[in-house]
Amino acid sequence: MPLLEVKNLRKSFGENEVLKGVSFTLDGGEVLSVIGASGGGKTTLLRCLNFLEVPDGGEILVNGERVFYIDDETGKPVTVPGVQNIMGMVFQQFNLFPQYSVKENLTLAPILHAKSDKRRFKENKREILGEIDKRADEILSVVGLTDKAASYPGFLSGGQQQRVAIARALMLSPEVLFFDEPTSSLDPELTGEVLKVIKGLKSHERAMVVVTHELEFARAVSDKVIFMADGVIVEQGPPSAVFDNPQSEKTMAFLNRSEAY
Amino acid sequence: MGFWEVTQSLVSGLGNTCLIFALTLVLALPLGLVISFGSMSSFKPLAYLVKIIVWIVRGVPLMLQVIVIYYVPGMLLGVPVFSRFVAVIVSFVINYACYFSEIYRGGIESIPKGQYEAGKVLGLSRTQVFFKVVLMQVVKRIMAPMSNEVITLIKDTALARVIMVVEIIQAAQNYAAYGLMWPLFYTAVFYLAYVGILTLLFGYLEKKLDYYKA
Chain A
27 MPLLEVKNLR KSFGENEVLK GVSFTLDGGE VLSVIGASGG GKTTLLRCLN FLEVPDGGEI
87 LVNGERVFYI DDETGKPVTV PGVQNIMGMV FQQFNLFPQY SVKENLTLAP ILHAKSDKRR
147 FKENKREILG EIDKRADEIL SVVGLTDKAA SYPGFLSGGQ QQRVAIARAL MLSPEVLFFD
207 EPTSSLDPEL TGEVLKVIKG LKSHERAMVV VTHELEFARA VSDKVIFMAD GVIVEQGPPS
267 AVFDNPQSEK TMAFLNRSEA Y
Chain B
21 MGFWEVTQSL VSGLGNTCLI FALTLVLALP LGLVISFGSM SSFKPLAYLV KIIVWIVRGV
81 PLMLQVIVIY YVPGMLLGVP VFSRFVAVIV SFVINYACYF SEIYRGGIES IPKGQYEAGK
141 VLGLSRTQVF FKVVLMQVVK RIMAPMSNEV ITLIKDTALA RVIMVVEIIQ AAQNYAAYGL
201 MWPLFYTAVF YLAYVGILTL LFGYLEKKLD YYKA
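Chains A and B, in that order, are what the protein sequence lines are.
Mapped onto the working numbering, the consecutive letters of the first sequence carry residue numbers 27 to 287.
Mapped onto the working numbering, the consecutive letters of the second sequence carry residue numbers 21 to 234.
Keep in mind that a hint or two might mislead.
Derived lysine-lysine pairs resembling BS3-like cross-links, with alpha carbons at most 30 Å apart [said to hold, decoys possible]: (1) B:LYS228 with A:LYS141; (2) A:LYS102 with B:LYS233; (3) A:LYS148 with B:LYS64; (4) B:LYS227 with A:LYS174; (5) A:LYS129 with B:LYS228; (6) A:LYS102 with B:LYS227; (7) A:LYS222 with B:LYS175; (8) A:LYS144 with B:LYS152; (9) B:LYS64 with A:LYS129; (10) B:LYS233 with A:LYS222; (11) A:LYS160 with B:LYS228; (12) A:LYS174 with B:LYS152; (13) B:LYS133 with A:LYS46; (14) A:LYS174 with B:LYS233; (15) B:LYS140 with A:LYS46; (16) B:LYS71 with A:LYS129; (17) A:LYS174 with B:LYS228; (18) A:LYS160 with A:LYS33; (19) A:LYS174 with B:LYS64; (20) A:LYS141 with B:LYS160.
Computed Cβ-Cβ distance ranges for the label pairs, DEER-style [to be verified]: (21) A:GLU201 with B:PHE63: 55 to 63 Å; (22) A:GLU215 with B:VAL159: 31 to 39 Å; (23) A:GLU242 with B:VAL159: 42 to 50 Å; (24) B:PHE63 with A:ASN42: 21 to 29 Å; (25) A:ASP98 with B:SER61: 30 to 38 Å; (26) B:ASN194 with A:LYS141: 56 to 64 Å; (27) A:LEU138 with B:GLY223: 26 to 34 Å.
Covered stretches of chain A, going by a simulated chain B footprint (3 or more residues, C-beta under 8 Å) [as the list claims (entries may be wrong)]: (28) 112–119; (29) 133–145; (30) 170–182.
In short, the hints are calculated from the structure, not lab data.
Glycine is no exception: its CB is placed at the ideal position from the N, C-alpha and C atoms.
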């Protein structure tokens, strides 16, 4: 059974139909890259899978269970509560909380979640906070920012900020981690450190979906590549197939244009 | 009438000045936040209603509002509703809450959408996002316009005397009946000292919030 299954997902903004029925599956531990020109619907797809946008139609299943669907009777979209916690997201613009230190950025959400179970939190306050703190330290060392734990985001480089954002998303142990053009707002010399971290996260513990313009990176880390244009998946398959043996004219044209850069 | 006696009576007038100032702040700061939520409500009739109220309150002189709040309820019901002092507080709180609400709204709307989205994907509720993520950034952004309003408030307290609530200006003006003008000018010293302290306080707060870059 696939970890994530997306069926005929549709989304419009007014007259503008951005997703015209997108379907794909993703297995646990897999890395999926979504490529394509701007305006093709890549980011909207990611935002729908994160429920930052509510899709107009289609279904999303996680481990075979429907977490999003259109109710047959009312015709209204239904999102299963709590589903946010199994999806993690890393934004193009990092979106770190500037008033909190790096460490606090990591621990804020886990602490608030722990506090929501008031009784348990009160009785085991010290252990829970200790665990969260320990986990934050471990994850900071994974992204190589142990020495920046006490710094504030505004004083870090873009690459460091994005690594903090990745660490923050990892704190909640998401089953699927989404990256929305994680290196697009970085200076070229800083993209490497972020891509290296993302590469290092590939494991059986989680699946990852990366919207990216870094085709070399997509080819190197992905198990599966989706090429999107005009709101539909034009081509999908293993990177070797999509990059080396594209079947569609559109894919070929896109890859040629991208290589020209 | 000597300097010492005048000083004493001005200081006793200053008591009311400080009380109006403090009560207005304590009540109008939270009320302003509530009003700003109203004006940003996605329920349009509420948003329009709040905007109209803010327009009226900001569009009419505070002095007139003090008079209206004091006299009109009594005229309608036949019995006085508010004491003079309470009428001053009610009108000041409503007036300042409306000004504050616009400052809050500006601050809240200036926070990038990404902050809300980041909170949401981390599974935080809307309330948690507002209080744990957004509010502190709003406070930093509105510090300068807020300090302006607060400084204006201390001088606006002089309007209380329109319904005979004695504050420092009224205390000084009472001497004018005896042909003494200098106590009135002397009040400026008190205002300047008060505003000086406020300026230092706001400077300190701004510095405290300087530890991060937005």
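Verification of the hints:
1. B:LYS228 with A:LYS141: This hinted pair holds, its Cα atoms lying about 28 Å apart.
2. A:LYS102 with B:LYS233: 42 Å, violated
3. A:LYS148 with B:LYS64: 41 Å, violated
4. B:LYS227 with A:LYS174: 23 Å, holds
5. A:LYS129 with B:LYS228: Between LYS129 (chain A) and LYS228 (chain B) the Cα gap is close to 20 Å, so the pair holds against 30 Å.
6. A:LYS102 with B:LYS227: 50 Å, violated
7. A:LYS222 with B:LYS175: Violated, at roughly 60 Å.
8. A:LYS144 with B:LYS152: The given pair, whose Cα atoms are some 18 Å apart, holds under the 30 Å limit.
9. B:LYS64 with A:LYS129: 40 Å, violated
10. B:LYS233 with A:LYS222: Between LYS233 (chain B) and LYS222 (chain A) the Cα gap is close to 27 Å, so the pair holds against 30 Å.
11. A:LYS160 with B:LYS228: Distance of about 29 Å is within 30 Å: holds.
12. A:LYS174 with B:LYS152: 22 Å, holds
13. B:LYS133 with A:LYS46: Satisfied, since the Cα-Cα distance of roughly 26 Å is no more than 30 Å.
14. A:LYS174 with B:LYS233: 16 Å, holds
15. B:LYS140 with A:LYS46: Holds - the C-alpha atoms of LYS46 (chain A) and LYS140 (chain B) are around 26 Å apart, at most 30 Å.
16. B:LYS71 with A:LYS129: Roughly 41 Å between the alpha carbons, so the hint for LYS71 (chain B) and LYS129 (chain A) is violated.
17. A:LYS174 with B:LYS228: 21 Å, holds
18. A:LYS160 with A:LYS33: 39 Å, violated
19. A:LYS174 with B:LYS64: 45 Å, violated
20. A:LYS141 with B:LYS160: 27 Å, holds
21. A:GLU201 with B:PHE63: 55 to 63 Å: 36 Å Cβ-Cβ, so the 55 to 63 Å window is violated.
22. A:GLU215 with B:VAL159: 31 to 39 Å: 36 Å, holds
23. A:GLU242 with B:VAL159: 42 to 50 Å: 44 Å, holds
24. B:PHE63 with A:ASN42: 21 to 29 Å: Since the Cβ atoms of PHE63 (chain B) and ASN42 (chain A) sit about 27 Å apart, the hinted range of 21 to 29 Å holds.
25. A:ASP98 with B:SER61: 30 to 38 Å: 32 Å, holds
26. B:ASN194 with A:LYS141: 56 to 64 Å: 57 Å, holds
27. A:LEU138 with B:GLY223: 26 to 34 Å: Hint holds: Cβ distance 33 Å, inside 26 to 34 Å.
28. 112–119: n = 5 at 8 Å, threshold three: holds.
29. 133–145: holds (count 4)
30. 170–182: holds (count 4)
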